[in-house]
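Chemist: Mind docking chain B on chain A? Use the hints.
Number of protein chains: 2
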Amino acid sequence: MGARPRADRPRGAPLTGDGGLPTDIPGTAYGLRRATAADLPALVALLADDPLGAGREHGDGDLGAYRTAFDRVDGDPAHLLLVAVQGETVVGTLQLSLVPGLSRGGALRGQLEAVRVAAGARGHGLGAAMIGWAVDEAGRRGATLVQLTTDKSRAGARRFYERLGFVASHEGMKLPLPGSS
Amino acid sequence: MGARPRADRPRGAPLTGDGGLPTDIPGTAYGLRRATAADLPALVALLADDPLGAGREHGDGDLGAYRTAFDRVDGDPAHLLLVAVQGETVVGTLQLSLVPGLSRGGALRGQLEAVRVAAGARGHGLGAAMIGWAVDEAGRRGATLVQLTTDKSRAGARRFYERLGFVASHEGMKLPLPGSS
Numbered sequence: 115m116g117a118r119p120r121a122d123r124p125r126g127a128p129l130t131g132d133g134g135l136p137t138d139i140p141g142t143a144y145g146l147r148r149a150t151a152a153d154l155p156a157l158v159a160l161l162a163d164d165p166l167g168a169g170r171e172h173g174d175g176d177l178g179a180y181r182t183a184f185d186r187v188d189g190d191p192a193h194l195l196l197v198a199v200q201g202e203t204v205v206g207t208l209q210l211s212l213v214p215g216l217s218r219g220g221a222l223r224g225q226l227e228a229v230r231v232a233a234g235a236r237g238h239g240l241g242a243a244m245i246g247w248a249v250d251e252a253g254r255r256g257a258t259l260v261q262l263t264t265d266k267s268r269a270g271a272r273r274f275y276e277r278l279g280f281v282a283s284h285e286g287m288k289l290p291l292p293g294s295s
Numbered sequence: 115m116g117a118r119p120r121a122d123r124p125r126g127a128p129l130t131g132d133g134g135l136p137t138d139i140p141g142t143a144y145g146l147r148r149a150t151a152a153d154l155p156a157l158v159a160l161l162a163d164d165p166l167g168a169g170r171e172h173g174d175g176d177l178g179a180y181r182t183a184f185d186r187v188d189g190d191p192a193h194l195l196l197v198a199v200q201g202e203t204v205v206g207t208l209q210l211s212l213v214p215g216l217s218r219g220g221a222l223r224g225q226l227e228a229v230r231v232a233a234g235a236r237g238h239g240l241g242a243a244m245i246g247w248a249v250d251e252a253g254r255r256g257a258t259l260v261q262l263t264t265d266k267s268r269a270g271a272r273r274f275y276e277r278l279g280f281v282a283s284h285e286g287m288k289l290p291l292p293g294s295s
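Those sequence lines, one after another, are chains A and B. The working numbering applies: residue 115 is where the first sequence begins, and numbers increase by one. The working numbering applies: residue 115 is where the second sequence begins, and numbers increase by one.
The hints are simulated quantities; they were obtained by calculation from the structure and are not laboratory data. It is possible that some hints are incorrect.
One copy or two, it doesn't matter: identical chains are merged, so the pair holds either way.
Only pairs whose alpha carbons sit at most 25 Å apart, straight line, appear in this in silico SDA-like list of lysine to any residue [as the list claims (entries may be wrong)]: (1) 288 - 228; (2) 266 - 145; (3) 266 - 277; (4) 266 - 169; (5) 266 - 136.
One chain only, chain A, in its complex shape (with noise of 0.2 Å):
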C-alpha cells in the first residue's frame, strides 16, 4: 500500500490489462492472479466458509449462477477478480470494480466488493497486501477514490480497513429487492 499512481499510465484506462499479475506478495508465501472459471467452486466455497455467507451463499451444489456471474465480471473490463494463492490453493479474493461518475470533479472510483481470506491463512499480513495491491492498482487505472462497505457484524473489520487508511465516513445502506433471495 501507498505506492503512488504511476505516471506512464494515463487515468481512466479501462482495466484491461492484468495490471502486473501475476505477482508475489513479497515477504510471504502468497501470490497474486486474475481469477479464472476454474477458481469458481473454491471462491464459492470461500465465500460460504464465513458467518454471514454461510447463510446466503450455496457451494454446495449449482453453481450456476455464480458461472453467470463470473462471466459478467470477468467478461467486463471494468471489473478484476483477484485470487490470492499459496501454491495452488486459493486462500484470498476481491474484486475491484471501477465505477465512473460525475461528482467529487468527474472522479472515477475503484470499489473493493467481496474481499475475503481464508481462515487458515489470516494474521499474516494477507488481507492488508491484498486492498493495498487494489488500492494501488485503482490509481494506476486513473482512480482518485476507492470505496468499499463492510457490514456492522463484521468484528474488526473496521478497524482493519481505519488502519489502512480508509474513513467510515458513510452509511452503507441496502435494499434487497423483491423476489430475491
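Modeler: Chain B in isolation, oriented as in the chain A frame:
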C-alpha cells in the same frame, strides 16, 4: 416504489434501453429522462449547490473532467445517469450503476450514486419518486439488491432512505488516493 421486477425482461439484461424514459412522475409536475451532455452545466451546478459539494465540486469554470466522466457513464450500458426535470429545468439527478459480483449467490447489484434534489424542489416527494423509479429499474435489469452510501453528516438522509426500505447495515468507507484533490 414497490413494483416487482417485470417477468418479461430477462434478469441481467444490460442497461441498454431507456427503461421507459422519458416518463412523468404521476401526480407531480416532474418528469424523468436520461441525462444528455447538454445537461452538464446544470448537473454540476446541482452537485455544487450542497454543503459537501461546495467544497469539492468546481462548477464555475472548466467542465473538462466532468465531460470525461459523463462520456464514460453515458458510453457504458452498465450506467444510467438520470435527471428529473420541471419543464426544461433540471431539478434532480441520480446515477444507477449495475455491478456484478460473486457474493450473495452471484447477485447483480444496483448501485445509486450522486443523488441530488434541487433545494427549491424538495418536500414534494421528488427524491422518493426518483429512488423508487431507479429501484424498480434495477429490478427490471436483474438486480437483486440495491445499495448506496450516504455521508453520515447529511442530516436526515439515513432516515429518508430507511423510510424507503433501505437498511444501514454497513459502514461505508472511503480512501482518497494520493495525488487526488
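Chemist: Against this structure, judge whether each hint is valid.
Modeler: The hints, checked one at a time:
no. : hint      : result
1   : 288 - 228 : both (15 Å within a copy, 16 Å between copies)
2   : 266 - 145 : neither (29 Å within a copy, 37 Å between copies)
3   : 266 - 277 : both (16 Å within a copy, 20 Å between copies)
4   : 266 - 169 : within (16 Å within a copy, 29 Å between copies)
5   : 266 - 136 : neither (33 Å within a copy, 38 Å between copies)
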